[in-house]
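J.: If you're matching positions, the sequence shown starts at 1 in our numbering and goes up one per residue.
Keep in mind that the hints were calculated from the coordinates and are not lab data.
By construction, the Cβ of each residue, glycine as well, lies at the ideal position given by its N, Cα and C atoms.
Fair warning: there could be bad hints in the mix.
Label pairs and their in silico Cβ distance ranges [claimed, not checked]:
| id | residue 1 | residue 2 | range |
| --- | --- | --- | --- |
| 1 | P85 | A48 | 18 to 28 Å |
| 2 | P32 | N236 | 17 to 27 Å |
| 3 | V86 | N47 | 36 to 46 Å |
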Amino acid sequence: MNPVLNRVADDPLNPSSASFACPLVFNLPYCPNVAYPVPLPQPPESNAYTASNLPEDITTPLLSYLTNFTISLTTFACGRDWYSPVVGCDDCERAYRKWLCTVTFTRCGEPSLANPDSFTSSPPAPEATGLSALQHKDPNDPSAPQKVFSALLPQSTDVDTARSPTLPAMGSEYLMLLPCLEVCTTTDRACPNFLGFSCPTARFNAAASYGVGYTDGVGGDEGEGATGGAQDRWGNIWCNGT
Numbered sequence: 001m002n003p004v005l006n007r008v009a010d011d012p013l014n015p016s017s018a019s020f021a022c023p024l025v026f027n028l029p030y031c032p033n034v035a036y037p038v039p040l041p042q043p044p045e046s047n048a049y050t051a052s053n054l055p056e057d058i059t060t061p062l063l064s065y066l067t068n069f070t071i072s073l074t075t076f077a078c079g080r081d082w083y084s085p086v087v088g089c090d091d092c093e094r095a096y097r098k099w100l101c102t103v104t105f106t107r108c109g110e111p112s113l114a115n116p117d118s119f120t121s122s123p124p125a126p127e128a129t130g131l132s133a134l135q136h137k138d139p140n141d142p143s144a145p146q147k148v149f150s151a152l153l154p155q156s157t158d159v160d161t162a163r164s165p166t167l168p169a170m171g172s173e174y175l176m177l178l179p180c181l182e183v184c185t186t187t188d189r190a191c192p193n194f195l196g197f198s199c200p201t202a203r204f205n206a207a208a209s210y211g212v213g214y215t216d217g218v219g220g221d222e223g224e225g226a227t228g229g230a231q232d233r234w235g236n237i238w239c240n241g242t
């Protein structure tokens, strides 16, 4: 979207380009954080998906995962004993729900119209280390400052390589906006150890599946990442942290 500062817009503002094919998904009571475009086929007789028309092949396993997790969590004495002085079972359930919804509903994105090449052209391999999906230097000018790219990765039409196995094939290529690593680490911190929830580390291969180093620093320093948050005041979304 083009920024308009201190003046009335003369042209209509479009949040996406005409070629952007991903439909909007929103108004899901079990996933209140989801309100963004998702790589799904266009819904019949509508331009968006809600709880009323989302396919059961997506909702059934999602609700099953949530139910099973809650059952496992409540084997702990949530109402009596606290496993942490700062968080409880309600915090864990809320964080897990956000993480599960974020990774289930892959987010589509597109680069800024002003910087159409400001994303990683190919995803890092699963065994890749470092922050290859984050900051890039100009090879022709070593003295130039590093550029911060959004955690956008190109995706093919091959459903076998899709990040979320419950989503049907979209039928066209798209750009996936990786979830922020902090969506995962927040769940890890909020939940008791016996659940066995864990996240990849920024030092090794987290950048292959998460946007790393945007919100928090490489060493986990809160708010010390390259952008300090998942989104900036100009509307640039660096990773999916909704």
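J.: Next, verify each hint and record whether it holds.
T.: Going down the list of hints, with the structure as the test:
At about 42 Å, the CB distance of P85 to A48 disagrees with the hint of 18 to 28 Å. A hinted range of 17 to 27 Å for the beta carbons of P32 and N236 is consistent with their spacing of about 23 Å. Our hint of 36 to 46 Å for V86 and N47 holds, since their Cβ atoms are close to 43 Å apart.
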